[in-house]
Amino acid sequence: MSFSARLHANAIGWVLPVLVIAGWEAASRAGLMPANVLPAPSAVAEAFWRLTLSGELIRNIGVSTARALAGFAIGGSIGFALGLANGLSRLSRGLTDTTLQMIRNIPHLALIPLVILWFGIDEEAKLFLVALGVFFPIYVNTLLGIQSVDPQLVEMGRVYGMDRRALFFRVILPGALPAIFVGLRYALGIMWLTLIVAETISASSGLGYMAMQAREFLLIDVVVLSILIYALLGKLADSLARLLERLSLGWHPAFQNG
Amino acid sequence: MPAASLTSIRSFVAAPVPPRPAISVEGRRAFAFKGVEKRFGDKIVLDGIDLDVPAGQFVAVIGKSGCGKSTLLRLLAGLDRPTSGSLTLGAEEEGHSRTRFMFQEPRLLPWASVVKNVEVGLTGIAAGQDARQRALDILGEVGLADRADEWPSVLSGGQKQRVALARALVGQPQILALDEPLGALDALTRIEMQQLLERIWLAQKFTAVLVTHDVAEAVALADRVVVISAGRIALDLEVPVARPRRRGSAELARLEGTILDRLFG
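Protein chains in written order, with our numbering: chain V, 1 to 258; chain P, 1001 to 1265.
The hints are simulated quantities; they were obtained by calculation from the structure and are not laboratory data.
For glycine and all other residues, C-beta sits at the position ideal for the given N, C-alpha and C.
Be aware that one or more of the hints could be misleading.
So the derived label-pair ranges between C-beta atoms look like this [to be verified]: (1) P:Gly-1128 / V:Ser-4: 39 to 47 Å; (2) V:Ser-89 / P:Ser-1086: 28 to 36 Å; (3) P:Thr-1258 / V:Val-154: 39 to 47 Å; (4) P:Leu-1188 / V:Asn-105: 20 to 28 Å; (5) V:Asp-163 / P:Ile-1044: 32 to 40 Å; (6) P:Gly-1041 / V:Asn-105: 35 to 43 Å.
Which stretches of chain P does chain V cover? Using the computed rule of at least three CB atoms under 8 Å from a CB of chain V, they are [unchecked claim]: (7) 1103-1110; (8) 1121-1128.
Required output: the full structure, derived from the provided sequences and hints.
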C-alpha cells in the first residue's frame, strides 16, 4: 500500500468518532440532551482548555502515565521472564504453571480491598495491581508463542549446528514474537483499565482521581473529559504497539502490505 | 565397489568443473553401515543393513513408504542412533561440514532474508562478511543471487527448495543427505531441480544420498540405486549410464523396469 492509501485507510477509522461528536454537539445545542446528563463537546473542550491552562490536566496525565508504565515494566518483565523459562524448561513449567494458572483465574481487581489493606492508597497499591494485571497476558502469550514455534525449524537449527544460544535468538524467540505482541497489546489495554479503576477507588492524584474529584463537585464536563482521555491514551498505546509490531515483524506476510 | 567404473563415468563428463580444494574421490570411503539395526519399541524398522559407499558417489535409496529409507538417512545424518550395528564415517576435512541434511520441506526461517537463511549453513564454519560472501556465491549457483535480500515468503516452492539446497551446500559438505526434497514440487520444477542438483554434484564432488519414491528420478541422477524393502536391502544396482543422461532413454527405462519389478514383484 502506498503512503497516501495508508493515510486514507487510517482516516476512515476517524469518520465515525467525528460524526458521533458532531451529532452529540447538535443534540446538546437543540436542548435534546440536558447539560447535567451529558455536557456538549464544546463544554468538554472548554474544560480541557481550562485544566490545561491550570496545569492540572498535564500533571495528572503525567502521574497516571508514570504509574502505568512502571507497573507495566514490573509485571511485563516478570511475565516475559517466566513465560520464557516455562516455555524452554519442562522443569520450570512443571513447578510453576499450575500455580500461575490458579492465580490467573482470580480477577485481579477483586484484590483491591486486600491491596488497600496492605499498601493503603500509596503508589505501591497501584503498581501492584497494574503489574499483576499486565503479568498474565504477557506470560500466557510468551509461553504460547514459544510452545508454538515450528519444531521442524528447531530440528533444522540443531542439524545445522546451532548451539542453545543461537537456537534461542535465531529460531525460538523470532518464532514466538507474533504471539508475544498479541500479549503486549492485550496487556496495554489491561494496564489502563486497572490503573483507572485503582485511581478511582483510592488515590490522591492522577486521572482517575481527577474524575472522582470532579464528580464530588458535579463537574460533569471534567468527568467526560477524563473518559475521553482514557480512550485517547488507550488508542495511543495500541498504536505504539502496532508500530513496534510492524517494525519487528516485517517478515510476516500479514505485515508486508501494511 | 568398483571405483574404476565411477571414475570412467566422471572422466566422460569431466567438462567445465572449477578446480576446488575438493574431497578426493578415488578409493576413499564416505560411510559404511555394518549390520545396522533400528528398532522403535517392538517395531523393527531397519533389519541388518550393510552398505558401503565410496566418497563422491551418488546413491539413491528407494522403497515404499514405511520401509525405513528415511530412518536410514536420519542415522546417516546423526539425527538418530542405530539400535545395534555400526556406522563408520570417512575422515572429516578441514573447513568442510561432514553431513548436511536437506529436508522434505524447505524449513527456511521466515524471519530471515534468503541470504541469512543460507548463512545458517555456515554456523560454526564462517561468520560475518565472509559468510555473506560465501552465501551469495552459492545463491548465484542455484540461480537466486538477485533474491538474496528478500523474505522467503515471497518465493515459490521450487525457489524455496533451491535456497534450502544452497544452505545445505554452502558449508561444502562431504555427504549430502536428501530426504525426498523434490517430492512436493510440480513435475517441471522437479526436473529443473534434478538437473541443478546433478550439475552442482558434478562440480563439488560430495557424496549424495537421495531418498526418493520416484524411480525415474533415481535412475536419472544416481550412480547406484539401493532398494529397501521391509528394513533390508532388496536390491543394490549400478546405473552405468554416462552423463549427461537423456531422460526416457531405453537404457534408463530398462533399469527402471528392473527396480519396479523388485519393488512390486
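Evaluated hints:
no., hint, result
1, P:Gly-1128 / V:Ser-4: 39 to 47 Å, "40 Å, holds"
2, V:Ser-89 / P:Ser-1086: 28 to 36 Å, "35 Å, holds"
3, P:Thr-1258 / V:Val-154: 39 to 47 Å, "41 Å, holds"
4, P:Leu-1188 / V:Asn-105: 20 to 28 Å, "56 Å, violated"
5, V:Asp-163 / P:Ile-1044: 32 to 40 Å, "35 Å, holds"
6, P:Gly-1041 / V:Asn-105: 35 to 43 Å, "39 Å, holds"
7, 1103-1110, "holds (count 5)"
8, 1121-1128, "holds (count 3)"
When each numbered hint is compared with the structure, a violation occurs for hint 4 only.
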